[in-house]
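Peer 1: Input sequences plus hints: build the corresponding full structure.
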Amino acid sequence: MRNNLVFIGIALLLGLSGGYWFANKNPNQTAKLSAEETGPKPLFYRHPMKPGMTSPTPKTDDMGMTYVPVYAKDTNDNSVKGTVKIDPVMTQNIGVRTAVAEIKTLSRVIKTIGRVDYDEERLSRLHPKTQGWIEKLYIDKTGQPVSKNMLLLSIYSPQLVTSQQEYLLALDNQKVLADSPIEDIQKGALALVASSRERLELLDVAEHQIVELEKDRQIKQYLHIHSPFEGFVLKIGARQGQFVTPKTELYRIAGLSKVWVYVDIYEYELPWISVGDTGEMTLTALPGKTFTGKITYIYPYVEEKTRTIKVRLEFDNTKGLLKPDMYAEVRIQAAHQVDAVVIPSEAIMRADGREKVFIALDGGKFEPRPIKVGIEAGNLSQIIEGLRSGEKVVTSAQFLIDSESRLNEAVGKMLEPTKDDTSEDPLPLKEDGNTMEGMDMGGGS
1 MRNNLVFIGI
11 ALLLGLSGGY
21 WFANKNPNQT
31 AKLSAEETGP
41 KPLFYRHPMK
51 PGMTSPTPKT
61 DDMGMTYVPV
71 YAKDTNDNSV
81 KGTVKIDPVM
91 TQNIGVRTAV
101 AEIKTLSRVI
111 KTIGRVDYDE
121 ERLSRLHPKT
131 QGWIEKLYID
141 KTGQPVSKNM
151 LLLSIYSPQL
161 VTSQQEYLLA
171 LDNQKVLADS
181 PIEDIQKGAL
191 ALVASSRERL
201 ELLDVAEHQI
211 VELEKDRQIK
221 QYLHIHSPFE
231 GFVLKIGARQ
241 GQFVTPKTEL
251 YRIAGLSKVW
261 VYVDIYEYEL
271 PWISVGDTGE
281 MTLTALPGKT
291 FTGKITYIYP
301 YVEEKTRTIK
311 VRLEFDNTKG
321 LLKPDMYAEV
331 RIQAAHQVDA
341 VVIPSEAIMR
351 ADGREKVFIA
361 LDGGKFEPRP
371 IKVGIEAGNL
381 SQIIEGLRSG
391 EKVVTSAQFL
401 IDSESRLNEA
411 VGKMLEPTKD
421 DTSEDPLPLK
431 EDGNTMEGMD
441 MGGGS
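Counting from 1, one number per residue, gives the positions in the sequence shown under our numbering.
Among the clues, some could well be false.
Claimed, not checked - Label pairs and their calculated CB-CB ranges:
#, residue 1, residue 2, range
1, K129, V302, 50 to 58 Å
2, L270, D61, 18 to 26 Å
3, T162, A335, 31 to 39 Å
4, T292, D362, 47 to 55 Å
5, D62, Q92, 38 to 46 Å
6, E304, I94, 26 to 34 Å
7, V302, T162, 53 to 61 Å
8, E102, T142, 57 to 65 Å
9, T292, L270, 37 to 45 Å
10, K104, Y266, 20 to 28 Å
11, E385, V302, 49 to 57 Å
Honestly, the hints are just simulated from the structure, not real lab data.
This structure is a prediction, so every number in the text was calculated from the model and none was measured.
Positions of the beta carbon are idealized from the N, C-alpha and C atoms, including for glycine.
Peer 2: Printed below as a string of structure tokens:
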């Protein structure tokens, strides 16, 4: 009996000691349980990496990851749907950066590649106006420079001889009838002289040959062909002794005192440029030299394959340094400028034909905001609607925020009571999406 009493006494002492030890081992856990009992009740618990996995009770997965509680949205929260609240530490961890919307003057420099070409207004193809035989080529090599009115070749043409004879007869006739008392006869003689001279001009008889004919009254056997302007011979289409007709291309001559440069720009760059804008050109063949020209024409169509618009610039080339078919780098300084609310282009999210940004609010909140975007200049975009100067927009990690925002909005719709809903604790639906620890699904404060 005495032994039994001793054993019972020892057991009571051990029990009291153990109870005291366990009661004081984790006071924080006791406080935490008390706080959970007095704090808001979670609606359900969600896996931190797999939002579709939920549980009505606290849970830990096989990897030791604790499910995150999801609370009902604060009834006093007036946040826009999709607004996300992120813990400051998490904001820093995921690399959220912001920028302030500002009013700036937008201008643009368009960089593109250009190709030097001939000035079409100074490109000539010479054909004879009558048939005959080439008597002599005075310029017989391609690439030779020519000056304006330089003699290129001479042609023997029987038609030319006949036309000269008719002109001399008209001159003699007019001289005889100059003293006629009948005015109509005098006028008729003058008209015949004029028409005969015009026929020679139509045959491209040079003015100096006509003057010589009038003075010495000697028929010229050969028609002279002269250069229409200063330039270079690109092509010779006939040789000495060859029979030629009006279909024969005798020479192709190009003037290079000015050159055209063609560039291609994209559709979104078109609103910035206009005829008269300045362009600067540099070439690898001419290092250290910069040429300045003007836009002279913007073509009225889009190239089907490249989806670009051709633009033509004109450059002075009196020194002859620019050669056709050279490639160059061209910078077009657009004269068009716009004063507008602008943000970095990287802040804009585009999906389903819509554009939006996330506005950084006080208290770690991020609000989705639909916007309308205007023109772009460099890394800045004009905001036509949806944003005011001074508001902060998210410029990085916005795709992570957007993922949480979409899930936030979906859960909000799921938790909205319906007319037939009588349960106090709605069952959570499984939603696909992305999430991060440290984010408040309710968007409340």
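Peer 1: Now, for every hint given, state plainly whether the structure supports it.
Peer 2: Do the hints match the structure? See the list:
no. : hint                       : result
1   : K129 with V302: 50 to 58 Å : violated (41 Å)
2   : L270 with D61: 18 to 26 Å  : violated (55 Å)
3   : T162 with A335: 31 to 39 Å : violated (60 Å)
4   : T292 with D362: 47 to 55 Å : holds (52 Å)
5   : D62 with Q92: 38 to 46 Å   : violated (30 Å)
6   : E304 with I94: 26 to 34 Å  : violated (44 Å)
7   : V302 with T162: 53 to 61 Å : holds (55 Å)
8   : E102 with T142: 57 to 65 Å : holds (60 Å)
9   : T292 with L270: 37 to 45 Å : violated (22 Å)
10  : K104 with Y266: 20 to 28 Å : holds (23 Å)
11  : E385 with V302: 49 to 57 Å : violated (27 Å)
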